[in-house]
Amino acid sequence: ILNVEQSPQSLHVQEGDSTNFTCSFPSSNFYALHWYRWETAKSPEALFVMTLNGDEKKKGRISATLNTKEGYSYLYIKGSQPEDSATYLCAFPVRGGSEKLVFGKGTKLTVNP
Amino acid sequence: DAGVIQSPRHEVTEMGQEVTLRCKPISGHNSLFWYRQTMMRGLELLIYFNNNVPIDDSGMPEDRFSAKMPNASFSTLKIQPSEPRDSAVYFCASSRNGDLAYGYTFGSGTRLTVV
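Line by line, the protein sequences give chains Y and S.
Under this note's numbering, the first sequence has 87 at position 87, and the numbering climbs by one with no breaks.
Under this note's numbering, the second sequence has 145 at position 32, and the numbering climbs by one with no breaks.
The reader is advised that the hints may include incorrect statements.
[Unchecked claim] Cross-link-like lysine to aspartate or glutamate pairs, in silico, DMTMM-like; alpha carbons within 25 Å at most:
| hint | chain 1 | residue 1 | chain 2 | residue 2 |
| --- | --- | --- | --- | --- |
| 1 | Y | K100 | S | E127 |
| 2 | Y | K100 | Y | E5 |
| 3 | Y | K100 | S | D170 |
| 4 | Y | K100 | Y | D17 |
| 5 | Y | K78 | S | E124 |
| 6 | Y | K42 | S | D176 |
| 7 | Y | K105 | Y | E45 |
[Stated by the list, open to error] So these bits of chain Y aren't anywhere near chain S, every CB distance computed over 10 Å:
| hint | residue |
| --- | --- |
| 8 | H34 |
| 9 | S43 |
| 10 | Y72 |
[Said to hold, decoys possible] Between beta-carbon pairs, the in silico distance windows are:
| hint | chain 1 | residue 1 | chain 2 | residue 2 | range |
| --- | --- | --- | --- | --- | --- |
| 11 | S | E196 | Y | A41 | 41 to 49 Å |
| 12 | Y | R61 | S | R224 | 48 to 56 Å |
| 13 | Y | S18 | S | Q130 | 31 to 39 Å |
| 14 | Y | K69 | S | T189 | 20 to 28 Å |
| 15 | Y | N112 | S | Q130 | 25 to 33 Å |
Just so you know, the hints here were simulated from the structure itself, not pulled from any lab data.
Just so we're clear, the structure is a prediction, and the values are computed from it rather than from any experiment.
The beta carbon of each residue, even a glycine, is placed where N, CA and C say it ideally should be.
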């Protein structure tokens with residue numbers, strides 16, 4: 001069974017703090033890693049798709065890094081704002097190149113004003 | 114494009130009744146996925162279609178669940194008979210075949226409550 005682990009499960013930070021969380025995945029047969037942002041009462045939205053070891057992607061104050069050899073990815077948020085409050089999910093294809101994604105349980109971020 | 118469209122947004126039904134959830138994928142996307150979200154298990158893949166053909170239904174919990182995709186712009190997920198433990202949010206998502214650059218696009222979900 002493919003295991004995609006995310007930590008921590010939840011996180012509370014103050015507005016302006018920078019934060020990061022982790023996604024761990026099997027390091028063998030790596031193909032791609034997805035990050036999604038899921039706001040309460042909305043649907044998950046794709047943030048990044050990462051494919052290369054050492055890859056770093058950035059969208060505004062959010063960035064992600066990838067280490068395929070050791071099987072982890074970090075998501076960073078610089079200067080958190082209340083609108084960053086959401087659950088951040090990572091997902092991994094079941095088989096290399098497969099479109100079938102297995103999702104982690106997510107990290108729920110709450111940014112207090 | 115209006116995105117992935119799901120209906121209804123909310124459904125409350127009595128145990129034993131048939132429930133049909135509907136999904137319209139993004140035009141040009143030829144892969145479609147049905148996921149179920151629960152507190153205990155997170156997002157679980159139920160079934161996915163590629164070019165309207167079911168590719169993997171290993172996540173369908175039991176025979177009470179069935180899914181169809183009669184054409185490229187419409188899919189249904191049916192539960193018959195429904196049970197209280199089926200209560201969850203059901204998401205439909207679509208993607209361009211083999212195009213992992215953009216990930217999935219999810220619909221708004223259908224919140225199902227079986228009483």
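**Item:** Given pair status - E127 of chain S, K100 of chain Y, alpha carbons within 25 Å
**Value:** This hinted pair is violated, its Cα atoms lying about 32 Å apart.
**Request:** With 10 Å as the threshold, tell me whether S43 of chain Y passes as away from chain S on beta-carbon distances.
**Result:** violated, 4 Å
**Request:** Could you see if the CB distance from E196 of chain S to A41 of chain Y stays within 41 to 49 Å?
**Result:** Roughly 25 Å apart at Cβ, these two residues miss the hinted range, so it is violated.
**Item:** Non-interface claim for Y72 of chain Y versus chain S (Cβ beyond 10 Å)
**Value:** Its Cβ never comes within 10 Å of chain S, the nearest being 19 Å, so this holds.
**Prompt:** K69 of chain Y and T189 of chain S, beta-carbon distance inside 20 to 28 Å?
**Reply:** For K69 of chain Y and T189 of chain S the Cβ distance comes to about 43 Å; the hint is violated.
**Item:** 31 to 39 Å as the expected CB spacing between Q130 of chain S and S18 of chain Y, which holds or is violated
**Value:** Violated - the Cβ-Cβ distance for S18 of chain Y and Q130 of chain S, about 50 Å, lies outside 31 to 39 Å.
**Asked** Is the Cα-Cα distance between K42 of chain Y and D176 of chain S 25 Å or less?
**Response** violated, 29 Å
**Given pair status - E124 of chain S, K78 of chain Y, alpha carbons within 25 Å** = violated, 39 Å
**Asked** Is it true that the CA of K105 of chain Y sits at most 25 Å from the CA of E45 of chain Y?
**Response** holds, 15 Å
**Asked** Looking at H34 of chain Y again, its CB stays over 10 Å from all of chain S?
**Response** H34 of chain Y is in fact no farther than 10 Å from some Cβ atom of chain S, at 5 Å.
**Asked** Okay, R61 of chain Y versus R224 of chain S on CB: inside 48 to 56 Å?
**Response** For R224 of chain S against R61 of chain Y, whose Cβ atoms are near 31 Å apart, the range 48 to 56 Å is violated.
**Asked** Taking 25 Å as the top limit, are the C-alpha atoms of K100 of chain Y and E5 of chain Y close enough?
**Response** holds, 17 Å
Violation of the numbered hints given earlier is confined to hints 1, 4, 5, 6, 8, 9, 11, 12, 13, 14, 15; the remaining hints are satisfied by the structure.
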